[in-house]
Amino acid sequence: MEDVVSRLERVAAQLEAVKVHFASGSGTASTAPAAHPAAAATSPPQEAPAVQSGQPTSSSSSSVTAYQALLGTQVSDLITAAETIGGEVLRATRIVADAFHSELEIIAAFASCPKPTDPSALQPLLQPTAEKIMEAGTLTSGPRSQYADHFRTLSEAAQALTWVAYQPGCGLALPPQHVEDAWSAAEFYANKVLMGWKGRGPEHGVWVAALKASLLTLKGYCAQYHSTGPAWNPNGTSDVSTFKYDQKNVSGGTAAPKQAAPAAAIKKAGPPPPPPPPPPGSLIQPKQQPAAATTTPAAPSSSGTMAALFADINKGTAVTAGLKKVTDDMKTKNRSDRTGTVPSSTSTGSGGGSGSSDTTIGGNIKKKGSITTLPPRFECEQGRKWVIENQKGNKPDSGGGGGIVVENTEPKQTVYIYNCHDSTIQVRGKVNAITLDNCTKCGLVFDTVVASCEVVNCISVQIQCTGDAQTVAVEKTDGCQLFMYAEALEKTGITSAKISEFNVVALKNTTKGGGGGEKEEEEEPQEFAIPEQYLSRYINGKMVTETVTHSGG
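Residue numbering for the sequence shown follows the working numbering, starting at 1008 and increasing by one per position.
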């Protein structure tokens, strides 16, 4: 292997002399062919293709040299930083580094070829880089990993390499700005890497810094050599559709043949050489075949090429000509299955809830029939929560049966009653809290609650407390009656919001009759209406709110 490298270095020295002659103008047309016999004698025939007649300009050659310097420094440093982490991060970083290396052939084409008239001619050169970018994108779709933020950072950073596909009007920003935008997206996840591994792995911070340096150097490179788009060589005579990367052709003989470059890179920087380029394709990601049908990537279709994309863009307003016409009957506002009158919200009678009227809760019309779509439920979950749901018409009968009775309760338990209609629920004993939610024409009787009894989104419900309750909260409810004994009511706080027809009935305890008799008398209960209308005035720099009272004339 060392013999081959030494022979290739001698060829490079001879080609360097040829470059000096061309640059000084002392060489003639016959000078270049004279170098070929020596090259053929000192190197393998298959590694020394003929020098093409169209030579790049000095600025084009320097653009290739500058990109090679980027690969040998910043990208190599990125691989070195990834090697200190190893594992999945190293494998993912090598994918992005391979994308950087495969883009060298595209930049060499810019330096050696004139701008093609057909954008699709560039596809064979774009495909290797495109596949690496796609492979970097698939890193984020695998199983959840502790390096997920690393993968997302690399996936976003790889998008910076798509600047080579820029053309005026293609929708991309100019190359320098495009690279900067890609790093801005990648930096979001890079900051997560820094925060997640702060104090645990300083090598992750070095890895982020190396990736940032690679993209910022690429941005500076684009600003210097490709500020307004890919800088093609107007004097080049190579055909971009058949162009094959050869450092000798691009740089005028300053570098060794193609196979010497990986060996030099390994000796100097350490990273492995890039793999051979995949088959031709496009930077436009093709649709993948279903995983069950095949395990190989789908071949790009003809409609997915950049030529087809640019052709569609150039159509202007005619780009929508191929879309289907949306007729009036297809529009949502004209759908036939949504026509008809809104059912009345009035009840058809009091025949035990057998009517089919609708009720309005929270501004939405709910049909009574929808209550029966779910099966009734009455159970205690994990010994801590009683759940009563979807009960309909479950009320006590004349024989003392029926209704829903919750027994054997404990103070730590809660009771949740939801979506019940025309039913009665009785809770015996002391519980922590009771919630009545989205119920209609229901009755609730309980002994004592430690915390609170809440009524939410209900219509026409009755609540009776035979013991004590610290708090009773009623919200978004139309029609509620609360029955409590006066002594217990004095210790209860009642809160209300967005209510109507909320009345509190204070029950009086029975007392013995006068005159030494044993006859008991029951005092009349008192009923109080909870205010639902208020009057606010601005008085002396303060807002004063009072309850609206109505008095008969």
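The set of hints was computed from the structure by calculation and includes no laboratory data. Note that this is a predicted model, so its numbers are computed, not measured. We put the CB at the ideal spot given by N, CA and C, even for glycine. It cannot be assumed that every hint is accurate.
To be verified - Below, in silico cross-link-like pairs of lysine-lysine (DSSO-like), each with a Cα-Cα straight-line distance of 30 angstroms or less:
hint: 1; residue 1: 1402; residue 2: 1392
hint: 2; residue 1: 1199; residue 2: 1219
hint: 3; residue 1: 1205; residue 2: 1219
hint: 4; residue 1: 1515; residue 2: 1498
hint: 5; residue 1: 1205; residue 2: 1251
hint: 6; residue 1: 1419; residue 2: 1549
hint: 7; residue 1: 1332; residue 2: 1402
hint: 8; residue 1: 1437; residue 2: 1505
hint: 9; residue 1: 1437; residue 2: 1448
hint: 10; residue 1: 1437; residue 2: 1399
hint: 11; residue 1: 1332; residue 2: 1392
hint: 12; residue 1: 1419; residue 2: 1483
hint: 13; residue 1: 1448; residue 2: 1399
hint: 14; residue 1: 1448; residue 2: 1515
hint: 15; residue 1: 1251; residue 2: 1402
hint: 16; residue 1: 1402; residue 2: 1483
hint: 17; residue 1: 1205; residue 2: 1122
hint: 18; residue 1: 1419; residue 2: 1392
hint: 19; residue 1: 1392; residue 2: 1437
hint: 20; residue 1: 1419; residue 2: 1448
hint: 21; residue 1: 1402; residue 2: 1419
hint: 22; residue 1: 1437; residue 2: 1419
hint: 23; residue 1: 1448; residue 2: 1392
hint: 24; residue 1: 1437; residue 2: 1515
hint: 25; residue 1: 1251; residue 2: 1199
hint: 26; residue 1: 1483; residue 2: 1392
hint: 27; residue 1: 1251; residue 2: 1392
hint: 28; residue 1: 1419; residue 2: 1399
hint: 29; residue 1: 1549; residue 2: 1483
hint: 30; residue 1: 1399; residue 2: 1498
hint: 31; residue 1: 1505; residue 2: 1483
hint: 32; residue 1: 1399; residue 2: 1505
hint: 33; residue 1: 1402; residue 2: 1331
hint: 34; residue 1: 1505; residue 2: 1402
Unchecked claim - Cβ pair distances, simulated, as ranges:
hint: 35; residue 1: 1180; residue 2: 1249; range: 50 to 58 angstroms
hint: 36; residue 1: 1510; residue 2: 1381; range: 30 to 38 angstroms
hint: 37; residue 1: 1175; residue 2: 1249; range: 24 to 32 angstroms
hint: 38; residue 1: 1495; residue 2: 1419; range: 17 to 25 angstroms
hint: 39; residue 1: 1179; residue 2: 1223; range: 13 to 21 angstroms
hint: 40; residue 1: 1098; residue 2: 1336; range: 49 to 57 angstroms
Structure-based check of all given hints:
Of the supplied pair hints, the one linking residue 1402 and residue 1392 holds, its CA atoms being roughly 22 angstroms apart against a limit of 30 angstroms. For the suggested pair residue 1199 and residue 1219, the alpha carbons sit about 14 angstroms apart, so the restraint of at most 30 angstroms is met. At most 30 angstroms may separate the alpha-carbon atoms for a hinted pair to count; residue 1205 and residue 1219 meet this at roughly 18 angstroms. Restraint check for residue 1515 and residue 1498: satisfied, since their Cα atoms lie roughly 15 angstroms apart, inside the 30 angstroms limit.
For the hint pairing residue 1205 with residue 1251, the CA-to-CA distance comes to about 45 angstroms; that exceeds 30 angstroms, so the pair is violated. Taken as a hint, the residue 1419 and residue 1549 pair is broken in the structure, with Cα atoms around 44 angstroms apart against an allowance of 30 angstroms. For the hint linking residue 1332 to residue 1402, the alpha-carbon distance of about 57 angstroms lies beyond 30 angstroms, and the restraint is violated. Using a Cα cut-off of 30 angstroms, the hinted pair residue 1437 and residue 1505 holds, with the two alpha carbons roughly 29 angstroms apart.
Among the hinted pairs, residue 1437 with residue 1448 is consistent with the structure: their alpha-carbon atoms are about 24 angstroms apart, no more than 30 angstroms. The suggested pairing of residue 1437 with residue 1399 holds, with an alpha-carbon distance near 26 angstroms, which does not exceed 30 angstroms. Annotation: proposed proximity of residue 1332 to residue 1392 is violated, straight-line Cα distance about 55 angstroms (limit 30 angstroms). Of the pairs offered as hints, the one joining residue 1419 and residue 1483 holds, with about 27 angstroms between alpha carbons and a cut-off of 30 angstroms not exceeded.
Simply put, residue 1448 and residue 1399 have alpha-carbon atoms about 10 angstroms apart, close enough for the 30 angstroms limit, and the pair holds. For the hint pairing residue 1448 with residue 1515, the CA-to-CA distance comes to about 25 angstroms; that is within 30 angstroms, so the pair holds. Only pairs whose Cα atoms come within 30 angstroms are accepted, and residue 1251 paired with residue 1402 is rejected, the gap being roughly 87 angstroms. Our distance criterion of 30 angstroms between C-alpha atoms is met by residue 1402 and residue 1483, whose separation comes to about 25 angstroms.
Proposed proximity of residue 1205 and residue 1122 is contradicted: the alpha carbons are some 48 angstroms apart, above 30 angstroms. Between residue 1419 and residue 1392, the direct Cα distance comes to roughly 9 angstroms. Compliance with the 30 angstroms bound is thereby established for this hinted pair. Only pairs whose Cα atoms come within 30 angstroms are accepted, and residue 1392 paired with residue 1437 is accepted, the gap being roughly 13 angstroms. A threshold of 30 angstroms between alpha carbons decides the hint, and for residue 1419 with residue 1448 the separation of about 28 angstroms falls inside it, so the pair holds.
Annotation: proposed proximity of residue 1402 to residue 1419 holds, straight-line Cα distance about 27 angstroms (limit 30 angstroms). With a C-alpha separation of about 9 angstroms, the suggested pair residue 1437 and residue 1419 falls inside the 30 angstroms cut-off, and the hint holds. Distance restraint check for residue 1448 and residue 1392: the Cα-Cα separation of roughly 23 angstroms lies within the 30 angstroms cut-off, and the hinted pair is therefore satisfied. Distance check on the hinted pair: residue 1437 and residue 1515 sit about 22 angstroms apart at the alpha-carbon level, within 30 angstroms; holds.
Between residue 1251 and residue 1199 the alpha-carbon distance is near 41 angstroms, which puts this suggested pair outside the 30 angstroms criterion. Taken as a hint, the residue 1483 and residue 1392 pair is honoured in the structure, with Cα atoms around 24 angstroms apart against an allowance of 30 angstroms. Between the alpha carbons of residue 1251 and residue 1392 the distance comes to roughly 74 angstroms, so the proposed pair goes past 30 angstroms and is violated. Proximity of residue 1419 to residue 1399 is assessed by CA-CA distance (about 28 angstroms); at most 30 angstroms being required, the pair is judged to hold.
At most 30 angstroms may separate the alpha-carbon atoms for a hinted pair to count; residue 1549 and residue 1483 meet this at roughly 29 angstroms. A threshold of 30 angstroms between alpha carbons decides the hint, and for residue 1399 with residue 1498 the separation of about 34 angstroms lies outside it, so the pair is violated. Annotation: proposed proximity of residue 1505 to residue 1483 holds, straight-line Cα distance about 5 angstroms (limit 30 angstroms). Restraint check: the Cα-Cα separation between residue 1399 and residue 1505 comes to about 26 angstroms, which is no more than 30 angstroms; the hinted pair holds.
Taken as a hint, the residue 1402 and residue 1331 pair is broken in the structure, with Cα atoms around 58 angstroms apart against an allowance of 30 angstroms. For the hint pairing residue 1505 with residue 1402, the CA-to-CA distance comes to about 28 angstroms; that is within 30 angstroms, so the pair holds. About 31 angstroms separates the C-beta atoms of residue 1180 and residue 1249, a value inconsistent with the hinted range of 50 to 58 angstroms. In this structure, residue 1510 and residue 1381 meet the distance hint of 30 to 38 angstroms, their C-beta atoms being roughly 31 angstroms apart.
For the pair residue 1175 and residue 1249, the supplied restraint of 24 to 32 angstroms holds, since their beta-carbon distance comes to about 26 angstroms. Taken as a hint, the range 17 to 25 angstroms holds for the pair residue 1495 and residue 1419, whose Cβ atoms sit roughly 22 angstroms apart. Under the hint 13 to 21 angstroms, the C-beta atoms of residue 1179 and residue 1223, about 19 angstroms apart, fit the expected range. Distance hint for residue 1098 and residue 1336: a CB-CB separation of about 54 angstroms, consistent with the stated range 49 to 57 angstroms.
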